[in-house]
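Q: Now for the letters of each chain:
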Amino acid sequence: MALLDVQDLVVRFRTHDGTIHAVNGVSFELEAGETLGLVGESGCGKSVTNLAIMRLLPKPAGRIEGGRVLFDGLDVLAMSESEVRDLRGKEIAMIFQDPMTSLNPVLTIEEQIVETIRAHRRMSMADARKQTIQLLEMVGIPGPEDRLKSFPHQFSGGMRQRVMIAMALALEPKLLVADEPTTALDVTIQAQVLDLLGRLTTEGGTALIIITHDLGVVAGMTQRINVMYAGFIVETAPTDELFARPSHPYTVGLLHSIPKVTEREDEELIPIEGRPPDMREAPVGCPFAARCAWRLEQCWTENPVLRPLDAGARLVTTGPKATHRIACHNPPTADEAHEGRPLRAGFRAAPAPAGRIDELAMAVEAGT
Amino acid sequence: MTAAVPGRPAPRAAEADRPLLKVDGLKVHFEIKEGIIFERYVGSVRAVDGISFELRRGETFGLVGESGCGKSTTGRAIVRIYRPTAGRIEFDGIDIANLEGAALRHMRRRVQMIFQDPYASLDPRMTAGSIIAEPLDIHDIGSKADRQDRIRELLPLVGLDAAYGVRYPHEFSGGQRQRIGVARALALDPDLIVADEPISALDVSIQAQILNLLQRLQGRLGLTYLFIAHDLAVIRHISDRIAVMYLGRLVEIASSRDLNTRPLHPYSVALLSAVPIPDPSIERRRQRIILRGDVPSPAAPPSGCRFHTRCWLRERLGNPERCSTEEPDLLELETGHAVACHFAADVAGSVEQALVTGQRVPVAATPAGADESGEVLAPADATVEPVAVVEPGAPVVPETTAPAE
Numbered sequence: 001m002a003l004l005d006v007q008d009l010v011v012r013f014r015t016h017d018g019t020i021h022a023v024n025g026v027s028f029e030l031e032a033g034e035t036l037g038l039v040g041e042s043g044c045g046k047s048v049t050n051l052a053i054m055r056l057l058p059k060p061a062g063r064i065e066g067g068r069v070l071f072d073g074l075d076v077l078a079m080s081e082s083e084v085r086d087l088r089g090k091e092i093a094m095i096f097q098d099p100m101t102s103l104n105p106v107l108t109i110e111e112q113i114v115e116t117i118r119a120h121r122r123m124s125m126a127d128a129r130k131q132t133i134q135l136l137e138m139v140g141i142p143g144p145e146d147r148l149k150s151f152p153h154q155f156s157g158g159m160r161q162r163v164m165i166a167m168a169l170a171l172e173p174k175l176l177v178a179d180e181p182t183t184a185l186d187v188t189i190q191a192q193v194l195d196l197l198g199r200l201t202t203e204g205g206t207a208l209i210i211i212t213h214d215l216g217v218v219a220g221m222t223q224r225i226n227v228m229y230a231g232f233i234v235e236t237a238p239t240d241e242l243f244a245r246p247s248h249p250y251t252v253g254l255l256h257s258i259p260k261v262t263e264r265e266d267e268e269l270i271p272i273e274g275r276p277p278d279m280r281e282a283p284v285g286c287p288f289a290a291r292c293a294w295r296l297e298q299c300w301t302e303n304p305v306l307r308p309l310d311a312g313a314r315l316v317t318t319g320p321k322a323t324h325r326i327a328c329h330n331p332p333t334a335d336e337a338h339e340g341r342p343l344r345a346g347f348r349a350a351p352a353p354a355g356r357i358d359e360l361a362m363a364v365e366a367g368t
Numbered sequence: 369m370t371a372a373v374p375g376r377p378a379p380r381a382a383e384a385d386r387p388l389l390k391v392d393g394l395k396v397h398f399e400i401k402e403g404i405i406f407e408r409y410v411g412s413v414r415a416v417d418g419i420s421f422e423l424r425r426g427e428t429f430g431l432v433g434e435s436g437c438g439k440s441t442t443g444r445a446i447v448r449i450y451r452p453t454a455g456r457i458e459f460d461g462i463d464i465a466n467l468e469g470a471a472l473r474h475m476r477r478r479v480q481m482i483f484q485d486p487y488a489s490l491d492p493r494m495t496a497g498s499i500i501a502e503p504l505d506i507h508d509i510g511s512k513a514d515r516q517d518r519i520r521e522l523l524p525l526v527g528l529d530a531a532y533g534v535r536y537p538h539e540f541s542g543g544q545r546q547r548i549g550v551a552r553a554l555a556l557d558p559d560l561i562v563a564d565e566p567i568s569a570l571d572v573s574i575q576a577q578i579l580n581l582l583q584r585l586q587g588r589l590g591l592t593y594l595f596i597a598h599d600l601a602v603i604r605h606i607s608d609r610i611a612v613m614y615l616g617r618l619v620e621i622a623s624s625r626d627l628n629t630r631p632l633h634p635y636s637v638a639l640l641s642a643v644p645i646p647d648p649s650i651e652r653r654r655q656r657i658i659l660r661g662d663v664p665s666p667a668a669p670p671s672g673c674r675f676h677t678r679c680w681l682r683e684r685l686g687n688p689e690r691c692s693t694e695e696p697d698l699l700e701l702e703t704g705h706a707v708a709c710h711f712a713a714d715v716a717g718s719v720e721q722a723l724v725t726g727q728r729v730p731v732a733a734t735p736a737g738a739d740e741s742g743e744v745l746a747p748a749d750a751t752v753e754p755v756a757v758v759e760p761g762a763p764v765v766p767e768t769t770a771p772a773e
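Sequence order for the protein chains is A and B.
Residue 280 in our numbering is what sits at position 280 of the first sequence, and the numbering runs on without skipping anything.
Residue 752 in our numbering is what sits at position 384 of the second sequence, and the numbering runs on without skipping anything.
A few of these clues could be false.
[What the hints assert, rightly or not] Quick list of in silico lysine to aspartate or glutamate cross-link-like pairs, DMTMM-like style, CA-CA up to 25 Å:
| no. | chain 1 | residue 1 | chain 2 | residue 2 |
| --- | --- | --- | --- | --- |
| 1 | A | K260 | B | D485 |
| 2 | B | K390 | B | D662 |
| 3 | A | K130 | A | E145 |
| 4 | A | K260 | B | E565 |
| 5 | A | K260 | B | D626 |
| 6 | A | K260 | B | E434 |
| 7 | A | K260 | B | D608 |
| 8 | A | K130 | A | E110 |
| 9 | A | K260 | B | D385 |
| 10 | A | K321 | A | E145 |
| 11 | A | K149 | B | D662 |
| 12 | B | K395 | B | E422 |
| 13 | A | K321 | A | D146 |
| 14 | A | K90 | A | D179 |
| 15 | A | K321 | B | E651 |
| 16 | A | K260 | B | E427 |
| 17 | A | K260 | B | D599 |
To be clear, the hints were calculated from the coordinates, so they are not data collected in a lab.
Put together the whole structure using the sequences plus the hints.
A: As structure tokens, then:
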């Protein structure tokens, strides 16, 4: 049994502007101790997926409208509020992008960590304090005893994120979810925090989900990656496999639109034309069709399901041997993925049906 | 493309050789004051503290560094949003550091800026067309009809439909807004564009659109860019030459290629090593140099070399006193490659330099200076095999001797 089992998760937000189709049927599993990356751009549903799993969606706008979430065999969506509270912190912990918003500014670090520990464990003040010092030491905060009485604003961004990590790991959770943990940090500080996060979760056998837009971060940190677009998982594979054989046009596009430090000097970036779809519209067809150079006519009407890249492959959903799966009617070949564009003679992306905006054609016309 | 703004005469031969921009000893300090009624001067943030560099015509010069290093302040001083505390900013032969009034306005026609946040930098109550034409209004260029022509000319140039001029900023996506920002910067047909983090507020898939647009425009219009960013991968991609900034000082200037293959300042090496690479095989092979602690405050920068408090090389060399007492000058050690480090010669050919640049390193060799706290990812190993220098035939780095100040 997987540690985390998410099936057909559907999340929508009711707003004055209409319904936001944030997550549109996401399924994935995670084994104990595994490291998974959720990659995608802003608005792709990666953070919402995670908030839904933790039952932290903003109410009343955010609703889980379908699906199932099992953690350690327990149905998270059926739990009472107090049961969920017990689960969070003890079994599942979280780290957010901006540590300042998740630390209480009027409490000292000691109060916050001791409180976390004592809320879930029977422990004397003195013992909890001792453990707090150990935790701060573990995350590399110099002179932890002296820093106990400090308030969050007295720490730098990198140090705050360390305090968050200490707090998250205080109760030895089985799963740690880090949502853009280093996006707000400078690159040298990012290196410190990623290194720490990787080391501590590996040593402690904690499963880790990293949510990020940065393919570089997941490349070094994860065993497996889910690529998300417009509320769907469009590609999933073990990390090495995904980078060696990117197969969804969106993944291919992402890899070609970021400059690599190792790139050849004359390497040209190939941008993904257009922009992400308006999530207020119910998805019709493949969500990436409007921006996809490989699209066929059916892509406009039929949403492809996630299926193994190699037809007939046995389906494995977790671990290093997980099956490489994509949701695409017309996947790029290896050569095409390498070049970043379709190479088939005479192939042209199917034109948009009347009434649909064709971002790709617009970009070509504008000569950009 | 024909501009509504009359074209400039072609530069004479002597002018063509002269750098477009020459920054010499630029300092921008901000005063810190205390007290509400009686303000007292208690110190200053030395955001930019004596930097010099040149921009050649038609090149892209990248300025990279972490937040608070002074890179944006430098950009803003060059377009004269800030008045420099000291130093010269020579634009096309004229010192603009202290220009005022009409002369300053005139200079600004030739130096334009692209801002980071495409949401904050466009007035929500103005149409795209009036935003783009605003510089023409301010400088009183052309008739109303000329300006409309110019708008219709600029929109397609930045990849937007010419009919979009009547729309308001909220009707555009982030990437499209940044295109409007680019069009506004181009309206006056400037020579130099200062782009301050022009893509960092955009989604990954959109960033490449803007980078490609900027490159294409440069080729077409002969623009010179000062490109300011924290992202070394982006800077490296777009720049011909790069300056690395730390705490108000430049620590290294090199061609994009040299910085990537033979960084000579310990900070540049660490910065390169910290950039995550979207390739798991490289990520696993290479080792990060994890710098200790945070960037010190620019209000009280460390004595001597400003990087000495976090320097991995200084530690390895047994903390030489010189680093904390004597500020290293930015010296040209190789042609076109200047470094401000007393011990740059020790960086050249070091294991760290090789690891960062992704070259193969003898298996036995691991970075020295690793300690038990795991600050360096590699296991500590005292025996460091010197690694063969990157390219055969590369000039040998001479021992650096910085003259005392």
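Q: Please write out, lowest number first, the hints stated earlier that are contradicted by the structure.
A: 2, 9, 10 and 13
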